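**Q** Sequences listed follow chains A and B, in order. Quick note, our numbering runs 268 ahead of the 1-based positions in the first sequence. Quick note, our numbering runs 7 ahead of the 1-based positions in the second sequence.
Because the hints were derived from the structure by calculation, they are not lab data. The model shown is predicted, which means the values in this text are computed figures rather than measured ones. Among the hints, a few may not be true.
Chain B is nowhere near these chain A residues, computed Cβ spacing over 10 Å in every case [what the hints assert, rightly or not]:
#1 F326
#2 E353
#3 K413
#4 E639
Covered by chain B, according to a simulated footprint, are these stretches of chain A (three or more residues, beta-carbon under 8 Å) [unchecked claim]:
#5 280 to 294
#6 358 to 366
#7 446 to 456
#8 514 to 527
#9 602 to 611
From the structure, some residues in chain B lie toward chain A, with a derived Cβ separation under 10 Å [claimed, not checked]:
#10 K36
#11 E63
#12 V64
#13 C72
#14 E102
#15 G130
#16 D133
#17 E155
Using N, Cα and C, we set each Cβ at its ideal position, and we do this for glycine too.
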Amino acid sequence: MEKPLTGRMRGDGEAVELPAYERADGYQGLRRALKLSPREVQEQVRAAKLLGRGGAGFDAGEKWAHVPMGDDAPHPKYVIANADEMEPGTMKDRWLMEADPHQLLEGMIIASYAVGADAAYVFLRWAYKTAAKRLARAIAEAYEKGYLGRNILGSSYSLELYLHTSAGRYMCGEADGLLDALEGKRAVPRSKPPFATTCGLWGKPTVVNNVETLCCVPHILRGGADRFLKLSRGGKEGGTKIYGASGRVKRPGLWELPLGATVGEVFHDCAGGMRDGLAFRALLPGGASSDFITAEHFDVPMDFGSMGRAGSRLGTGTMVVLDDRTCPVGVLVSLERFFARESCGWCTPCREGLPWVRSILEAMERGDGREGDLDVLDDHVRTIKMHHTFCTLAPGAMMPLRSALRYFRDDFRRHVAEKRCPWR
Amino acid sequence: MLSEQEQDAIRGELARYALKRGAVPEALKIVQARRGWVSDEAVRDIADFLGLTPEEVDEVATYYCLVFRRPVGRHVILLCDSVSCWITDCETLREHLCRRLGVGLGETSGDGRFTLLPVACLGACDKAPVMMVDDDLHVELTTEKIDEVLDRYR
């Protein structure tokens, strides 16, 4: 099985060094890209059907195509790697950056060339200290070897690349919030349109892509779009995917598989199923902002289209597994506490609704649940939805709750009826 | 007053941002790295230095979780309480830490050694439960392992 993203990683936990990266065809994708026109690079990525790995699944090539090109285009233009990984249950970008920082840089440089960007930023989460050190070193090496700076590899293209370390807030991972954070403001969502691709950082055209998305880009250029597309199963969405599992499974971890590997392959074959003495209950397939799925979904391919049709979403592709000895209401308390705490307060349904949901769930878990609580939760799930808020934080917060109310309704009822948590 | 060193460090950040305001998060981190926290006075000094209003700096300083607006202990413990750590029983770890340090969340131990804060997912869910102490990540925690870890921070 081909593992373009992780195949060259070392076994000792250290980063792939630049010479080793180059020996394994590193920066060959960039060399190929520079022989093409920016539009041709965009078309390659478009043909590869690279869907955004941050969770939204938006076509990267299509996003790039919205950036104004040509002599009249506004400058400076920007490319930003969204490395503010903070979706609960998600640890894939940390791995990619710590283990192979040059792969991300190469992807960013190619993306920047494709949209004619003048500057690029890695927007890195504060907690990722090891990644910060390794990226800083890789950036310095890339400048030294002429992969960054003036006239990259003797071409007429120049690019500056900076590392920005954030000061901690989930909203910074939301593309508009990220732009505010980079501009030195409170991170709040923006009204769209205009979209960042035409009016982003400091009002200039800006592309924001997730780390894993950008890490795929060198492989598209090196091996061709068709080859990249065929790495996946099904051929509708290209590439491999970093899948993961956490919770009380036998082997929590991260694995690179063809995009479209099934839920069961990740849960059973990679994660080894539940620890002894525990039974499987349900899982969140792609971080906190996804709907629970159950054992009936083990055969569903973990790609964007299939997970959507199964009533959930691929999200970040790193599953959180719930066992039969863990209280589902308690899990929801943890999830909604996170969302309520991280709400930026811009939109009323999120600012007011999420703390209310959290308090109801906390009361239930304490044994203070009341008749009618489930109706109030149902109301929130119904009314806090896309387009009622500026960004997807609050609708995302409702996804695990909505599905929990469906799959674990009896557990919620028991908390209220027995005035206690039956798991304690 | 910002020290010469602080001013130089902030000046060094300016080139990376199209507008000076972009350097506010870095400026706050620079001050905090040297003083442990960011006082109202420091907010005003940063604003003066960057040619911004105090409000423009304060709105950033109050928004980001890792900018401390009150003095903290010599070491800051950030205990992850997000879903994967919750499933692997971070609640027991929290109770243990609170008891051992004699503090609640958001408080500093009487000897000024540790401040205990909850934090959102640290991106090490396959090694849950986890916490950070200062810049170090500690994984696969148990109450015994926490005791060992804390002994390393004087």
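**Q** Would you say A:F326 is clear of chain B, with no C-beta pair closer than or equal to 10 Å?
**A** Holds, since 22 Å exceeds 10 Å.
**Q** Take a quick look at A:E353 and tell me if its Cβ sits farther than 10 Å from every Cβ on chain B, holds or violated.
**A** The claim breaks: A:E353 does not keep its Cβ more than 10 Å from every Cβ of chain B (closest is about 5 Å).
**Q** Taking a Cβ-to-Cβ distance below 8 Å as contact, does the segment 514 to 527 of chain A have at least three residues touching chain B?
**A** Held - the segment 514 to 527 of chain A has 6 residues with a Cβ nearer than 8 Å to chain B, which meets the minimum of three.
**Q** Hey, does the B:E155 contact hint survive, CB to chain A under 10 Å?
**A** Interface hint status for B:E155: violated (21 Å vs cutoff 10 Å).
**Q** Would the non-interface assignment of A:K413 survive a Cβ cutoff of 10 Å against chain B?
**A** holds (21 Å)
**Q** Do the numbers back the hint for B:D133, that is, is its least Cβ distance to chain A under 10 Å?
**A** holds (4 Å)
**Q** If you look at each residue in the segment 446 to 456 of chain A, do at least three have a Cβ nearer than 8 Å to any Cβ of chain B?
**A** holds (count 7)
**Q** Closer than 10 Å between Cβ atoms is the bar; does B:E102 clear it against chain A? Give me holds or violated.
**A** violated (13 Å)
**Q** For the segment 280 to 294 of chain A, does the count of residues with a C-beta closer than 8 Å to a C-beta of chain B reach 3?
**A** violated (count 0)
**Q** Non-interface claim for A:E639: all C-beta distances to chain B beyond 10 Å?
**A** holds (27 Å)
**Q** Minimum Cβ distance from B:E63 to chain A below 10 Å?
**A** holds (8 Å)
**Q** If you count the residues of the segment 602 to 611 of chain A with a beta-carbon closer than 8 Å to a beta-carbon of chain B, do you get 3 or more?
**A** holds (count 6)
Checked against the numbered hints given earlier, this structure breaks hints 2, 5, 14 and 17; the rest are met.
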